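Residues per chain, in single letters:
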Amino acid sequence: MKHIQHTPIHYANLFDDFRDPNSGAVVLFSGEVRDNNKGKAVTHLEYEAYEPMAEKMIEEILADTHKRWDLNKAICVHRVGHVDISGCAVVVITASAHRAAAYEANRYIIDRVKYEVPIWKHEFYTDGSSEWGQNCDCSSPSHPHHHKHEYQHAE
Amino acid sequence: METQIQITCFAGLRKFFAPQMEVQLKLPASYQSLIQKLKKLNPEASEILDNCRIAVNEKFVPHNEVKTGDEPVYLIPPSSGG
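Protein chains in written order, with my numbering: chain G, 1 to 155; chain W, 1 to 82.
Excised from the complex, chain G in its bound form (with noise of 0.2 Å):
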């Protein structure tokens, strides 16, 4: 399955074919555009990929956790291109026979896709700038520091 996709996302056709009789849990997180960030309005997002390398990274971050945690399937999608308001950017499904495994799983896969994947976010604004996204943003207040940088940064 590929995990870039450069058309929108249908993820209640992908939750329909997830269901296995395994599996009393299924998880599925969307990740969608809001209308605002930071104060701004935001009219859409483009996203944009390095694609073979974000193909690659997301099957071994998916390999990764199937190595953690007791699933029966795993899968993640990221769109490119052009996304509106309330669109999909990316999903994410977990099935496993219980809940935890599925829940638990699930965060790992999108904090890892978000903070390593070599995909970005342009945010196109409603006064007609835009800006390029960051979500390594360690200096925010806001910042979730659950996550955990798995890549080197400059020295």
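A couple of the hints might just be wrong.
Stated by the list, open to error - Quick list of simulated restraints, FRET-style, between CB atoms:
(1) G:D84 <-> W:V23: 24 to 32 Å
(2) G:P21 <-> W:A18: 51 to 59 Å
(3) G:D84 <-> W:T3: 38 to 46 Å
What the hints contain is simulated information worked out from the structure, not anything from laboratory work. Quantities reported herein were computed from a predicted structural model and do not represent experimental measurements. Glycine residues also receive a C-beta, built at the ideal position from the N, C-alpha and C atoms.
Chain G is already provided as a structure; the job is to place chain W on it using the hints.
Only chain W this time, still in chain G's reference frame:
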């Protein structure tokens, strides 16, 4: 003798550099020295360059690794997916 290195820039880096460019570098040289060279070309890009990862052959390389060949270099600004 200097070698011509092809560089690809993504996302916010393109505010400062072309998506594809070529830089002359005397090899062997550390990737950090390539970053320093780019900072000299555009000092306004210093902050984002300091936070970039570097990928070669679809793998991240440490900035202190020494580059000996002319493989293309991909500059990866901090991720902002999701």
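Evaluated hints:
no., hint, verdict
1, G:D84 <-> W:V23: 24 to 32 Å, "violated, 38 Å"
2, G:P21 <-> W:A18: 51 to 59 Å, "holds, 53 Å"
3, G:D84 <-> W:T3: 38 to 46 Å, "holds, 45 Å"
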